[in-house]
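**Student:** Residue strings, one per chain:
Protein chains: 2
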Amino acid sequence: MPELRQEPITKKWVIIATERSKRPSDFLDFSVKKEKRKGGTCPFCKGNESKTPPEIMAYREEGTKPDTPGWWVRVVPNLFPALAKAGAEEADAQNFYVTKPGVGAHEVLVESPEHDSSLESHSLQHVKEIFHAWRDRYQALINQDPIEYIQIFKNEGSIAGASLEHPHSQLIATPLIPPVVDEELRGAQEYYQQEGKCIYCEMIKHEIEVGTRVVVHNDHFLAFCPYASRFPFETWIIPKQHQAGFDLINNDQLQNLSLIVQEVTQKIKGSLNEPPYNMVLHSAPAGYSHAADYHWHLEILPRLTIIAGFEWGTGIIINPTTPESAAEYLREANTNLVQEKERLSWQQVH
Amino acid sequence: MPELRQEPITKKWVIIATERSKRPSDFLDFSVKKEKRKGGTCPFCKGNESKTPPEIMAYREEGTKPDTPGWWVRVVPNLFPALAKAGAEEADAQNFYVTKPGVGAHEVLVESPEHDSSLESHSLQHVKEIFHAWRDRYQALINQDPIEYIQIFKNEGSIAGASLEHPHSQLIATPLIPPVVDEELRGAQEYYQQEGKCIYCEMIKHEIEVGTRVVVHNDHFLAFCPYASRFPFETWIIPKQHQAGFDLINNDQLQNLSLIVQEVTQKIKGSLNEPPYNMVLHSAPAGYSHAADYHWHLEILPRLTIIAGFEWGTGIIINPTTPESAAEYLREANTNLVQEKERLSWQQVH
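Those protein sequence lines, which keep their order, are chains Z and U. First residue of the first sequence? That's 1292 in the working numbering, and the numbers climb one at a time after it. First residue of the second sequence? That's 1292 in the working numbering, and the numbers climb one at a time after it.
Hints are computed from structural coordinates only; laboratory data are not their basis. Mixed in with the good hints, there may be bad ones.
Unchecked claim - Taking lysine-lysine and the PhoX-like style, the derived pairs with C-alpha atoms no more than 20 Å apart in a straight line are: (1) Z/K1391 <-> Z/K1303; (2) Z/K1356 <-> Z/K1337; (3) Z/K1391 <-> Z/K1376; (4) U/K1342 <-> Z/K1488; (5) U/K1531 <-> U/K1496; (6) Z/K1302 <-> U/K1337; (7) Z/K1488 <-> Z/K1531; (8) U/K1303 <-> Z/K1303; (9) U/K1302 <-> Z/K1303; (10) U/K1303 <-> Z/K1302; (11) Z/K1376 <-> Z/K1302; (12) U/K1356 <-> Z/K1302; (13) U/K1356 <-> U/K1342; (14) U/K1391 <-> U/K1303; (15) U/K1391 <-> U/K1356; (16) U/K1391 <-> U/K1302; (17) Z/K1496 <-> Z/K1531; (18) U/K1356 <-> U/K1337.
Every value quoted in this text rests on a predicted model; they were computed, and no experiment measured them.
Required output: the full structure, derived from the provided sequences and hints.
**Tutor:** Right, dumping it as structure tokens:
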């Protein structure tokens, strides 16, 4: 079972993922590999349902059976989980260090039965189905003991950590509030205590007013390059209405989220030669979905720069591109024109 | 001039490096490039001294002039500094965000006049000269206003961030205490207040006692894979005697440091197919060199895994290799045999 180990000085946690354990000799070829397992061998392709553990959930045609074709979005357990679902197994007692059993969940959301599809090429209706599945799994797990936080993310491109090419996102549920989330919560709480307002709501107001870092916005969402962007073209997508937990997203918002995510990723992929990127949900921990001082958002992090010695030593990231120039570039970038037509007709209908 | 921008929620700083500014279109080819500028074109090679800004310092043969051959270690300003040396220029006032002028220093320590040399292939005497230069520059800058912290680091291999192949390390002096250092200081102070002891000294004692995570040690230094290793084969090198600031390292320790760093990097490079790595100094901030509750150390971070969406969202790193198995593998790995002979004779002499 995976193990959570605490670094004794900074108190930060690390997952030692014994289930996906690599022996030292497994690293002899460390080059970044892109697994092109097309057709017969990709475990996420339709027809290969038996190559994954049994499905947790799927949106599928009526009358079709679990673990057979007929689905359009399918959720399965990760075969090599970073955190395991169950197990009362106690971690080893350590006389100097602190450890915890690596309990939680690790699920894969297969976004389409088609290997060569992508978030950018799907129909808008299909993108909405994907985020619908995110919400379903989020809601199903957020109140389960001992889960404290749910991290949903998507790695696109091998440099961004995608080991399988077939479009998918992942969910990892953790038995503790992770440090990045803890820092955000503290900062937002401090601001709320001083100003009586949600700092994210104030930021949205300020960004729309200033305008220089805005990429695009619609009825429910703002996409902007944050003032202290860590990455070139880093873009945050945030609901305009205050909402702390992603589990609270309603159907209207889901539609607008699909629209803006596809618009932003089409702009990034189309104008920057399909860069690798991470898409990372930031949401309230278990029990805080209705908090007045936190605000969920989605971060899109293109991986065009390298995190090197300075960044690891200091935690300060060097970004060679201003968010103002990045936002201007993305504002002017085209979205896919075919999609654009569909988008317009879709907007009229919805 | 570079700009320091503060993320308003977590209060973390980012450097927007306008001097090394990249316009959005510069990213159209984002593939990792290794600049192989041999012979005539590498700015760090002997004979090409005019291709760098004037040297800050060099160890060179008597009678040779600055910015001409005759040196064996040479320090120059970084041509594209992440933080600029001077400039009273005030950062733009911002009505919602906080910014600071990016003042500090960014130097390159060219480790050898030979393009195809490396830390692992140098003579031990030469490695000692490199760390001697680290100490010289550290001591020269640590008490200068407005410097609060000095980060020395080495990126080896393009995946680890080295844009030039010629062996070099870098020094960036920052006008604030970086978040990673701040977290270490707080954790160590808290332990000291509770236990009356340096947590690093206690860790050294514990690691030597247990032994399973020890890679190698000598009179003055311990090399071990830390309990909560973030990376496969992550190795910390730490002085056995309490010492908070790297500026306090004495000549005896410099010799032992050279010995153990070369031993560990030879083991890592030799047994793991020359992986990319970062080498990162952690030392006390300005004015804290004599602190009882902090302890400088050097972290060697092989870059065999990818930081992906989960890590960016949570700050929790997934490591597929236990430090115990990594240490066992490195203990058994050979160092370079030719060097080994030299090492033995050198140990007898010193």
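**Student:** Compare the structure with each hint and give your call.
**Tutor:** So, going through the hints one by one against the coordinates:
For the hint linking Z/K1391 to Z/K1303, the alpha-carbon distance of about 12 Å falls within 20 Å, and the restraint holds. For a cut-off of 20 Å, the pair hint linking Z/K1356 to Z/K1337 stands: about 13 Å separates their Cα positions. The straight-line distance between the Cα atoms of Z/K1391 and Z/K1376 is roughly 14 Å, inside the 20 Å bound, and the hint therefore holds. Restraint check for U/K1342 and Z/K1488: the C-alpha separation of about 54 Å exceeds 20 Å, so the hint is violated.
Proposed proximity of U/K1531 and U/K1496 is supported: the alpha carbons are some 9 Å apart, at most 20 Å. In summary, the hint linking Z/K1302 to U/K1337 is not supported, as the alpha carbons are separated by about 46 Å, beyond the 20 Å threshold. Between the alpha carbons of Z/K1488 and Z/K1531 the distance comes to roughly 14 Å, so the proposed pair stays at or under 20 Å and holds. Between the alpha carbons of U/K1303 and Z/K1303 the distance comes to roughly 16 Å, so the proposed pair stays at or under 20 Å and holds.
The suggested pairing of U/K1302 with Z/K1303 holds, with an alpha-carbon distance near 18 Å, which does not exceed 20 Å. For a cut-off of 20 Å, the pair hint linking U/K1303 to Z/K1302 stands: about 18 Å separates their Cα positions. Only pairs whose Cα atoms come within 20 Å are accepted, and Z/K1376 paired with Z/K1302 is rejected, the gap being roughly 24 Å. At roughly 51 Å between alpha-carbon atoms, U/K1356 and Z/K1302 are farther apart than 20 Å, so this suggested pair is violated.
For the suggested pair U/K1356 and U/K1342, the alpha carbons sit about 16 Å apart, so the restraint of at most 20 Å is met. As the CA atoms of U/K1391 and U/K1303 are separated by approximately 12 Å, the hinted pair is consistent with the 20 Å bound. At roughly 38 Å between alpha-carbon atoms, U/K1391 and U/K1356 are farther apart than 20 Å, so this suggested pair is violated. Of the supplied pair hints, the one linking U/K1391 and U/K1302 holds, its CA atoms being roughly 13 Å apart against a limit of 20 Å.
Note on Z/K1496 and Z/K1531: the hinted pairing holds, with a Cα-Cα distance of about 9 Å set against a maximum of 20 Å. At roughly 13 Å between alpha-carbon atoms, U/K1356 and U/K1337 fall within 20 Å of each other, so this suggested pair holds.
Comparing the model with each numbered hint stated earlier shows that hints 4, 6, 11, 12 and 15 do not hold.
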